[in-house]
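**Q** With chain W fixed as given, assemble chains C and U onto it according to the hints.
Protein chains in written order, with the numbering used here: chain W, 23 to 333; chain C, 23 to 333; chain U, 23 to 333.
Just so you know, these hints were derived from the structure itself, not from any lab. Do not rely on the hints blindly, as some may be mistaken.
The list treats identical chains as interchangeable, and a pair is accepted whether it falls inside one copy or across any two copies.
Claimed, not checked - Here are the simulated BS3-like pairs of lysine-lysine, each with C-alpha atoms no more than 30 Å apart in a straight line:
#, residue 1, residue 2
1, LYS46, LYS140
2, LYS46, LYS185
3, LYS111, LYS140
4, LYS136, LYS24
5, LYS46, LYS24
6, LYS309, LYS24
7, LYS24, LYS36
8, LYS111, LYS136
9, LYS59, LYS46
10, LYS186, LYS238
11, LYS111, LYS309
12, LYS282, LYS186
13, LYS136, LYS186
14, LYS309, LYS182
15, LYS309, LYS59
16, LYS238, LYS270
17, LYS46, LYS152
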Amino acid sequence: MKQFFSIDDVSDLKQLLEEAKVVKENPFELKGNIRNKSICLLFLNPSLRTRLSSQRAAQNLRVNVTIFDVGSGGWQLEFTDGAIMNSDKAEHVKEAAAVIGTYFDLIAIRAFAKLEDKDYQEQVLSQFMKHCPAPVVNLESSTRHPLQAFADLVTIEAYKKTKKPKVVLTWAPHPRALPQAVANSFSLWTQAAGYDLTIAHPEGYELAPEFSGNAKVEYDQRKAFEEADFIYAKNWSSYSNYGEILCKDSNWMVSEDKMKLTNNAKFMHCLPVRRNVVVSDAVIDSKDSLVVEQAENRIVSAQTIFKRLLS
Amino acid sequence: MKQFFSIDDVSDLKQLLEEAKVVKENPFELKGNIRNKSICLLFLNPSLRTRLSSQRAAQNLRVNVTIFDVGSGGWQLEFTDGAIMNSDKAEHVKEAAAVIGTYFDLIAIRAFAKLEDKDYQEQVLSQFMKHCPAPVVNLESSTRHPLQAFADLVTIEAYKKTKKPKVVLTWAPHPRALPQAVANSFSLWTQAAGYDLTIAHPEGYELAPEFSGNAKVEYDQRKAFEEADFIYAKNWSSYSNYGEILCKDSNWMVSEDKMKLTNNAKFMHCLPVRRNVVVSDAVIDSKDSLVVEQAENRIVSAQTIFKRLLS
Amino acid sequence: MKQFFSIDDVSDLKQLLEEAKVVKENPFELKGNIRNKSICLLFLNPSLRTRLSSQRAAQNLRVNVTIFDVGSGGWQLEFTDGAIMNSDKAEHVKEAAAVIGTYFDLIAIRAFAKLEDKDYQEQVLSQFMKHCPAPVVNLESSTRHPLQAFADLVTIEAYKKTKKPKVVLTWAPHPRALPQAVANSFSLWTQAAGYDLTIAHPEGYELAPEFSGNAKVEYDQRKAFEEADFIYAKNWSSYSNYGEILCKDSNWMVSEDKMKLTNNAKFMHCLPVRRNVVVSDAVIDSKDSLVVEQAENRIVSAQTIFKRLLS
Chain W
23 MKQFFSIDDV SDLKQLLEEA KVVKENPFEL KGNIRNKSIC LLFLNPSLRT
73 RLSSQRAAQN LRVNVTIFDV GSGGWQLEFT DGAIMNSDKA EHVKEAAAVI
123 GTYFDLIAIR AFAKLEDKDY QEQVLSQFMK HCPAPVVNLE SSTRHPLQAF
173 ADLVTIEAYK KTKKPKVVLT WAPHPRALPQ AVANSFSLWT QAAGYDLTIA
223 HPEGYELAPE FSGNAKVEYD QRKAFEEADF IYAKNWSSYS NYGEILCKDS
273 NWMVSEDKMK LTNNAKFMHC LPVRRNVVVS DAVIDSKDSL VVEQAENRIV
323 SAQTIFKRLL S
Chain C
23 MKQFFSIDDV SDLKQLLEEA KVVKENPFEL KGNIRNKSIC LLFLNPSLRT
73 RLSSQRAAQN LRVNVTIFDV GSGGWQLEFT DGAIMNSDKA EHVKEAAAVI
123 GTYFDLIAIR AFAKLEDKDY QEQVLSQFMK HCPAPVVNLE SSTRHPLQAF
173 ADLVTIEAYK KTKKPKVVLT WAPHPRALPQ AVANSFSLWT QAAGYDLTIA
223 HPEGYELAPE FSGNAKVEYD QRKAFEEADF IYAKNWSSYS NYGEILCKDS
273 NWMVSEDKMK LTNNAKFMHC LPVRRNVVVS DAVIDSKDSL VVEQAENRIV
323 SAQTIFKRLL S
Chain U
23 MKQFFSIDDV SDLKQLLEEA KVVKENPFEL KGNIRNKSIC LLFLNPSLRT
73 RLSSQRAAQN LRVNVTIFDV GSGGWQLEFT DGAIMNSDKA EHVKEAAAVI
123 GTYFDLIAIR AFAKLEDKDY QEQVLSQFMK HCPAPVVNLE SSTRHPLQAF
173 ADLVTIEAYK KTKKPKVVLT WAPHPRALPQ AVANSFSLWT QAAGYDLTIA
223 HPEGYELAPE FSGNAKVEYD QRKAFEEADF IYAKNWSSYS NYGEILCKDS
273 NWMVSEDKMK LTNNAKFMHC LPVRRNVVVS DAVIDSKDSL VVEQAENRIV
323 SAQTIFKRLL S
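Just chain W, with the same shape it has in the complex (with noise of 0.2 Å):
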């Protein structure tokens, strides 16, 4: 593995699958020689889980770790080649990226979807892989985020019950547009994994299709429910209408009575989750919900990660 960016870097999912599981088991136990590595997480954006599972995934590990806030502590970065920077670009990313990765042996970053066209495009992380000499982690993109899907699945394999559980991707309302990638990332993961994946949601939120591969897609959400072995809810924008929020159906949220279509149903939400909105207090408070499990598990797939690239 030279970099994660998604889930095309991982040739062995199975292998990669039973890694984490001896990560989670024994979190402090190391082998190969990392030490003196140090890596650097580069936010242009806020983040809870992802800055702090990635920092105790490195200190698990015990390297050092570096945070770098872009905006805050930096400058802004332009992208664009052979941009004449006589505006408000301080630095082009063909600096910051060979610099930084000079500086540190793994560089982890975070660069939301503008819900801009260009987003597909992928700017800011594949110009850092280009430019980086040092290996690149993706902590969210535009269109992936793919540490939360492998989360996701370390989730899942521990809860199944059958060897291809029937897995419901649900669109939720949100009061803001949000990005794709989530809900993107987690439709690769849980169809290379092998699970039976629907994916419900109002017309016109289609996922981009090769990112919804051969998942079903539902537009009927109770119907989607049914015989349900993992419920997960997320709300992403319009793909088609790009950005656009074409629907805020409160019907679409999360409920006990729908929970009760389910096969006893385990309740999953990458957080943050706007309470009352996206899932009710009922469902995300039940025993079968296993949101601070999932975020637990962010520790376990940054953790192995980032052992298997600075390996």
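**A** Coordinates of chains C and U only, in the frame set by chain W:
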């Protein structure tokens, strides 16, 4: 000790002060196994001494320490049960506290009073303590600043000449409305230590009865200073007219001529201090000023508490 | 060495460059006992290389490092003696420096010029050096950037082909008014190293005499470039018309055709650099560009200084 929210969490103040002495004399000596432990410091407000002394305390203990600026690094939290979260709060404390308390072995939180009516309910700290599985340490909450008071006691213990020194907590002017937290905790801790406490302030600045306790109250600052062994200056806003500034009388500034009324008293302040508003240059720059040593003892108090809670 | 504010603190430049070479070759080798030491990096301004290279330097030395963003993490400091602090400054540097210097074994400070008349008094650094009990390191002050100049010398030493290379510090255009700190230090350090220094700039951009020293001054950039071994580009605002932009002439941009006038000169810049304003893409992307290696040597210069001051 399961948490460190207030002096009520200290069942053995004398023993705690003994432990602090040992920590101060041998800051790098470790007993017990706290290897691999990890502390998270959460800031909802700015900080200098608390932020830096807490980090140094963790470094002395050779445990990992992670800073999280909730507002700038993350997002606003919702603290109200049952809230329909369709506005500006992106995450409920239920999830935030549960997740952060899963990631780390100890959580320390700074959350100032907002000088709003419900401050005395201590919503932030109490919600974190309720939902966080790891022990919680108060780095100054709406009504209390126990690590400051503990450091103040360590300081007084080192300089007191009698078993029951006369300690005067005197209100002083300030351009802004400040919380009562430092004054409240100083009052409780000095009384618990058995000192002879007088609180001097203009009328209308009485602390809440549960904090002033059995302290003498004196409206005449000069009279209060007579025979004092320690003068502790601090501004606070009114409790009865909650959060209001009732007085800016510069005659309440601590000055050299007033210090002459004392029993060669030491001067104390928790810092940051407004020079020539709260206290004159001559007093704070004198050989009897303990403000820097007090600040230094913030490492000692934090380290002693962290050590107890992690062991 | 008791502090590192300027080249005046270096009594043995040749020896310092030797130490840097050792650090560069064996970054993780430690001699002497600096276990348990702790560095604090104070930022009054944004930073990328300085912030990250200083942290990596500390990590290489296996000492603790703490970042403090004075403005966002804390509050504004008062630097004026005798001030009546009833306005926006919450703490005087006297307390801040004394306390931070008690908490840590070394304090490193970044405080840019504000392009105000009193910049050359170096108020921030001089007040910190006065009141801080721990050694102070200059991470770029109003008039100097010695860790940058030290790194530049490490770079030139590795590439120079003659004992006394011709080094040209050339002014270049920039959309914003910038301090003279980098140019000032580069001038002093290169002259101290015995290089043949020419400073090229439009009229009105003369550095302060105490910084230009015995360097040749040349108003014709092309003429300056002839036979140069190193071209160091940098923008600065006027010193005589203090802080003003007198020229934005794009003919001063460093371009390929000008580089052809040199003795196959290496191109240098401290970064961040405005591409196609200060220097053309072709020059900075050429094999003769040393900008990333210069930046890498910032770890070396910081680590060498930290090591000296902590030993």
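**Q** Tell me, which hint numbers fail for this structure?
**A** 1 and 13
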